Amino acid sequence: MRKHWWKIIAIALMVFVLPMAFLGDVSVQIILHETIRNLYFHVTMWFSMFIIFAVSLVYSIRFLAKGKLEHDLVAQESATVGLVYGMIGIVTGMIWANFTWGAPWVNDPQLNGAAITVLSYVAYMILRGSIKDEAAKARISAVYNIFAFVLMFILIGILPRMNDSLHPGKGGNPGFGNYDLKSSMRLVFYPAIIAWTLIGVWIFQLRVRIQKLQKQ
Amino acid sequence: MNKWFVAILGLLWGASVHATVILNSDSSSVLTADTQVNASIFSVGDTVFNLNRLNRGILSVQLSNDSKLPAGTSLNEKGVLTVSDPAAMKPGTYELSIKSKIAPEEWYDNYITIKVSNTQFLVHVDSDHIEMATGFRAEGKIYVVVAVALVLFLVIIAFLVRMERNVARMERTQKP
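In order, the protein sequences belong to chains A and B. As numbered in our numbering, residues 1 to 216 make up the first sequence, in order. As numbered in our numbering, residues 1001 to 1176 make up the second sequence, in order.
Any given hint could be a false lead.
[As the list claims (entries may be wrong)] A short list of chain A residues far from chain B (calculated; beta carbon distances all over 12 angstroms):
id, residue
1, 67
2, 87
3, 101
4, 115
5, 144
6, 203
[As the list claims (entries may be wrong)] Cut-off 27 angstroms, straight-line C-alpha distance, at most; resulting in silico cross-link-like pairs (DSS-like, lysine-lysine):
id, chain 1, residue 1, chain 2, residue 2
7, A, 182, B, 1101
8, B, 1068, A, 7
9, B, 1175, A, 215
10, B, 1141, A, 68
11, B, 1099, B, 1068
12, B, 1099, A, 182
13, B, 1141, A, 182
14, B, 1175, A, 212
15, A, 212, A, 137
16, A, 3, B, 1175
17, A, 182, B, 1078
Calculated directly from the structure, the hints in this document are not laboratory data. As the structure is a prediction and not an experimental result, all values here were calculated from the model. Glycine included, C-beta positions come from ideal geometry on N, C-alpha and C.
My request is simple: use the sequences and hints to build the entire structure.
Take a look at the structure:
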């Protein structure tokens, strides 16, 4: 139980979030209508991805400081899970955009930033695959991870806010963070982020353990 | 007639054209916020717009945060904007966004532009019925959606739990 308590919390939170996502009270907005419920899936994916990439960054830095290959393994696996979450975020975003904006993709700073972020972590995977020596692979990819994280922070956290964007929350749109996120939505939104993040952590932790077993 | 002479002539001509334009422009017809509205034209209780009739029966209204009502008017909870103080009215263009609830789960979104001049006002209202899944919820179909989502999730969790158990078993047998 000491090892598994957070997994139970993740499951419990998701069992709360999933029905509330469809049955709960939401802000009524033109254009969005019921699709605002995608907030609990699409937006939470991005928040969870950010947290998991932050974990990856921390372990990359820990590896560079101590040199333990285990840390590099955690950095790699958490980057993998974060990347999957990012791709889910992009696909759910495209579905949402197709319904509300009329096209699955538009030339928008937020969308372009998200796409470049995902591509930069794909490049991280390719970089790892291209180096044979374990220690060199770990060192070089750890340094790249730091740059990729900073790039992500700028591309999806800073640049879209400075430009006009179709995307809610950026460039003068009444974003969900400011006026329109009702308290009944926050009640589901924050637990959803926690739940999705913990599930992502569970998945990458399993992958790390399997990799360690395979090495022995 | 050298080129400098022609150039200076051209400059003088251009300057004189600009000067006449500036001196002759009539600024007396520009309405500023300081000019007063002819208060005798409007009386207390004049309706500017009536959302209760436009949306066919309103339970409550909600004015958006960035909407400002024209000075000298007031909005009642049935969505009727009336003149309350003709002397306080100021000319200008006002844009309002008002959401009206017509049933416990149904809303209209109204985008209203009001242009006040010193003798009249012009009102334009755009109303959108915001479609929500009230039918789904009333018929109970929403519970099917919830059930499907839960089943999908629980199957994935069952898979994760099984993998967790296998890995734990392998770790136990591998440990010396």
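Item checked: Holds or violated: residue 1099 of chain B to residue 1068 of chain B, with C-alpha atoms at most 27 angstroms apart -> Answer holds: residue 1099 of chain B to residue 1068 of chain B is near 14 angstroms, not above 27 angstroms.
Checklist line | Pairwise hint evaluation, residue 137 of chain A against residue 212 of chain A, where the allowed Cα distance is 27 angstroms at most | finding: Measuring from Cα to Cα gives roughly 17 angstroms; hence the hint holds.
Item checked: 12 angstroms Cβ clearance of residue 115 of chain A from chain B -> Holds, since 26 angstroms exceeds 12 angstroms.
Check: Are all beta-carbon distances from residue 101 of chain A to chain B longer than 12 angstroms?
Finding: The assertion about residue 101 of chain A holds, with a minimum of 17 angstroms to chain B.
Next item on the list: Take a quick look at whether residue 1141 of chain B and residue 182 of chain A sit within 27 angstroms of each other, Cα to Cα.
Entry: Cα-Cα ~25 angstroms, so holds.
Next item on the list: Quickly compare the C-alpha distance for residue 1175 of chain B and residue 212 of chain A to 27 angstroms and report which way the hint goes.
Entry: holds, 12 angstroms
Check: Is the straight-line distance between the alpha-carbon of residue 1175 of chain B and that of residue 215 of chain A 27 angstroms or less?
Finding: holds, 13 angstroms
Checklist line | Proposed proximity, residue 7 of chain A with residue 1068 of chain B (alpha carbon, max 27 angstroms) | finding: This hinted pair is violated, its Cα atoms lying about 49 angstroms apart.
Checklist line | Status of residue 144 of chain A, Cβ more than 12 angstroms from any chain B Cβ | finding: Holds: least Cβ distance 29 angstroms, greater than 12 angstroms.
Margin query: For a C-alpha distance cap of 27 angstroms, please report whether residue 182 of chain A and residue 1101 of chain B respect it.
Written below: holds, 16 angstroms
Check: For the pair supplied as a hint, residue 3 of chain A and residue 1175 of chain B, is the alpha-carbon distance within the 27 angstroms limit?
Finding: holds, 17 angstroms
Check: Is it true that the CA of residue 1099 of chain B sits at most 27 angstroms from the CA of residue 182 of chain A?
Finding: Cα-Cα ~15 angstroms, so holds.
Going through the hint list in order, the structure does not satisfy hints 6, 8 and 10.
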